[in-house]
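A.B. asks: Take these sequences, add in the hints, and give me the full structure.
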Amino acid sequence: MLKRIIFSLVFFASACVTVNIYFPAAAVERAADQIVKETWGGPAEPAKPAPQPQSRRLLAPSRFVTLSFVSEAFAQDTDINVTNPAIRALKESIKNRSNAIKPYMDRGNIGIAQDGLLAIRSADGLNLKERAEANQLIDAENKDREALYAEIAKANGIPKENIPKIKSIFAKSWIDQAQPGWWIQSNGNWQKK
Amino acid sequence: MNVLAPTPSRLPNGKASATFSGAYATASKKLTVKTFDVASALGSAKGNGEILFTEQQPTVAKGALLFQAIPLENLKTLLPSPLNQWIYQGHGRVEVEVHGAWNALAIKGVARSNGAQIRGADVALENLCLNAPFEWLRPTWRVGEAQLTALKLTYGDKDRWQAAADRVQASATMDLAPDQPVKITGHLKSAGGKFASPDGSKLGENFVIDGVFELRSDPAKHSIGLGGKFRADAGELLWGKFFADLKLQQPVIELQADYFRDLDRLDCRRCNFNLMKIGSVDINGSVERLSQSPELRLQARSANFLPGGFYEFVLRQSFHREYPLLDKLTLGGELAFQCQIHGNLPTLTTEGDLSLKAGELRAQSDSWQIGPITLNLPFQIFWSESPKAASIKPRIGVLAIEQARFSGQSVGRITAAISLSNNALIFPQPIHAEIFGGAVEISALRWPDIINDPKQLSFSAEMKRLRLDDLTQALDWPPFSGSLTGSIPQVQSVGNTLQTNGEIQAELFGGQVRLGKLEIENPFSSLAAVRLDARLSSIDLDQVTKTFSFGRISGILEGSIDDLVITDGQPSQFRADLHSVDRGTEQRISVEALNKITVLSSGASAGALYSGLAGFFDSFRYSKLGFKASLKNDRLTLRGVESQDDQEFLVVGSFLPPRVNIVSHTQTIAFSELLHRLQQIKSDKPETK
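Which chain is which? The protein sequence lines are A and B, in order. Quick note: the first sequence uses the numbering used here, first residue 1, plus one each step. Quick note: the second sequence uses the numbering used here, first residue 194, plus one each step.
Heads up, some of the hints might be wrong.
Claimed, not checked - Cβ-Cβ distance ranges computed for the label pairs, FRET-style: (1) B:K351 - A:K129: 47 to 53 Å; (2) A:K37 - B:S718: 23 to 29 Å; (3) A:K95 - B:S753: 33 to 39 Å; (4) A:S98 - B:F741: 33 to 39 Å; (5) B:E266 - A:K129: 41 to 47 Å; (6) B:S651 - A:N142: 30 to 36 Å; (7) A:S98 - B:K422: 46 to 52 Å; (8) B:L519 - A:K37: 27 to 33 Å; (9) A:K95 - B:P716: 21 to 27 Å; (10) A:K154 - B:A529: 43 to 49 Å; (11) B:K351 - A:A119: 17 to 23 Å; (12) B:L519 - A:K95: 40 to 46 Å; (13) B:T523 - A:K129: 20 to 26 Å; (14) A:N142 - B:L519: 14 to 20 Å.
Think of the hints as simulated: they come from the structure by calculation, not from any bench. Note that CB positions come from ideal geometry on N, CA and C, so glycine has one too.
C.D. replies: Structure representation (structure tokens):
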């Protein structure tokens, strides 16, 4: 009887459901690069094919829910979805606004903060009307970017608490694809790219 | 706290000595003072004169005294606090003429200074030039038309609010008599004025201010009166995202106020603030405990407030980048209001009456317009986080919209009772509008707290036989036939979503469409999303295909569309199951419709095939048509009405000829591809056989 109980306990212990939570970081990186290029860069390139999942990446604490019985299953690191009407509208809005913002970026008045959002770096050379316009552009742009990250999360079933990860990945893309001469914030200090 | 008040002046400490030389003529009883030298802490002076001793009182026939190079620093003991704590650099000069009987001497002269500098704890004046004629006619001192110019005035330091002006010019006249209030009247002009908040987010520049003022200090009442009228001819203002060019508005402020020092109370007899393109507001009343926790008892009124001007000046300019829709709207009309403002800052209560006449809301493109609007609204608002419980029955006002126009459709007069009390904006009676050949009635429309939570609202709606051809024309859609009737017993804000109970029923294309579970997510954002379920029954396909120029299909369609979400005017997700039902009526499909279904499902035109067949037939019989589809993240998954092996049948031919099947092998279509296909079938010319 005792053996049977022990056997049952061992069986249930080894047969419990394993939930691995993964975050599709690589796919979000590719999406971020593509969206930043489409909205603020040159003409969009077709999305690169998703590389085969690497075991190291899959073991990283990203998010994807899989269920396995006894053994662990890995999520496929496929491309995430970055197109639906809400995302399209936000991308369009960001793209349309970019031409108004870029002159301020070129002059060093607006820079890219560490979190990938825009911020006033210096008001030198701006009259008050231009300062107000810069403030309005930054405010509208940052709201759109935050909304974009939330929509991407929603479209791909990524929980809200992981939106900061999406924001962080996008921040890298905004910074990487910034034009030479633009100002980037790093460790609280502004540096010219 | 430093309060403004008259302060007794005293001469600086120190010795004073005087030497003089002269001659006395006994015959004429005249003392001629040839030289008169004074040395004192105030400075040195030289003078001369003549004194007659012919009368009972000695009389100064003429006397002149010149104080030169008076160190201004030595004069500060004459000044009230905090002026006597400032630093004064530079020198002054005073010329004095004296004449008259000894007990009724008349003195006049002029005080001058050039290039002086004054620095206080927060204030600095540079290049100060003063020219102040004065006169003493016992018992009154008068300073007449004193001219003061400073080339630079600064106030504040970098961690606090700062203000500065490139040039300040003032002329002033002062009367000083025993037991009488001190009165100073004058004219002030400043140019190059600017200010800045500590964080630099609020700035003003290039202010040009011109105005007259009157200052009155009454020692008996311990009061100071301030009156004046100032106009800003130029200036630019930045307040966060708000920018204003004051040249366009030329703001004018007129003020008549008294401050009572003992009571710490400000009585505002009149304060009028006027902006050229917005209108003016008059305020009067009192503020108790001004220097501690101000308690307001004010009345405010305006007879000419222009909401259109306010919209352009404040709202549109500040928020159009965030809400581009604002650039497409125009507001009109004239507001008048009168209200009482009372309570402690920041928890004020405002109550009064507001009226709007000739109000108008219009698209700049003139595609729609609402107005004239007339509003009479009694209101009671609490500027605090938790409104007080209403103790009295709210007063009721009236909103009247004379006309509304949408793309050729017009709505007749709408009137509604309205109240704004205890922060709740309520329409206590149903709002009835005759529109699109039918009627819409909105009931129990209510914003529970428009101050602290303006996005929360609730209402119920009923639509009676709205003609869909008129409605679709107004929306610039293909013209639908039929009518729309429905009842939504409850629409309520839940978080950022407007949720509904009930159902809208449309008599559409010979059948019925029932819309339920209607929700609007983020209704006040630029990315509002509409979510609903739809049930279709007995839809006449012939009418549908004619409306959408989709060839011709006869038969009856039924089915459902669940979880339909429309974002930015486009469907972003749905699950649809739509299929024909055999009610014994004819079921035929034209060649054009077949071709369009083929294009939609496969992307390839089957024109050649159908044109070959169409040489023999105009249409084909079918036994079933339909599809099951789901859209999510721009991917449409399409399945047929029947499946066989890997084949999805969108159209299943009948047993009787001529018959046709459409079999789909592609089950997932990208949204961009779907758009391409829709464009393709739209551009295809119908084939007429």
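A.B. asks: Please go over all the hints and tell whether each is borne out by the structure.
C.D. replies: Evaluated hints:
Taking the beta carbon of each, B:K351 and A:K129 are about 24 Å apart, not inside 47 to 53 Å as hinted. Judged by the Cβ atoms, the range 23 to 29 Å given for A:K37 and B:S718 holds: they are separated by roughly 26 Å. With their beta carbons about 37 Å apart, A:K95 and B:S753 fall inside the hinted range of 33 to 39 Å. One distance hint, 33 to 39 Å for the beta-carbon pair A:S98 and B:F741, holds here, with the actual separation near 37 Å.
Checked against the hint of 41 to 47 Å, the pair B:E266 and A:K129 passes, with Cβ atoms roughly 44 Å apart. Checked against the given bound of 30 to 36 Å, the beta carbons of B:S651 and A:N142, roughly 32 Å apart, stay inside it. Hint check: A:S98 to B:K422, Cβ distance near 47 Å, so the stated range 46 to 52 Å holds. The hinted range of 27 to 33 Å is satisfied by B:L519 and A:K37, whose Cβ atoms lie roughly 30 Å apart.
At roughly 25 Å, the beta-carbon separation of A:K95 and B:P716 lies within the given 21 to 27 Å, and the hint holds. Look at A:K154 against B:A529: about 47 Å separates their beta carbons, and that is inside 43 to 49 Å. Between B:K351 and A:A119, the C-beta spacing of about 21 Å keeps the proposed range 17 to 23 Å intact. As the Cβ distance of B:L519 to A:K95 is approximately 20 Å, the hint placing it in 40 to 46 Å is violated.
Between B:T523 and A:K129 the Cβ separation comes to about 22 Å, which falls inside the hinted range of 20 to 26 Å. For A:N142 paired with B:L519, a C-beta distance near 19 Å keeps the hint of 14 to 20 Å intact.
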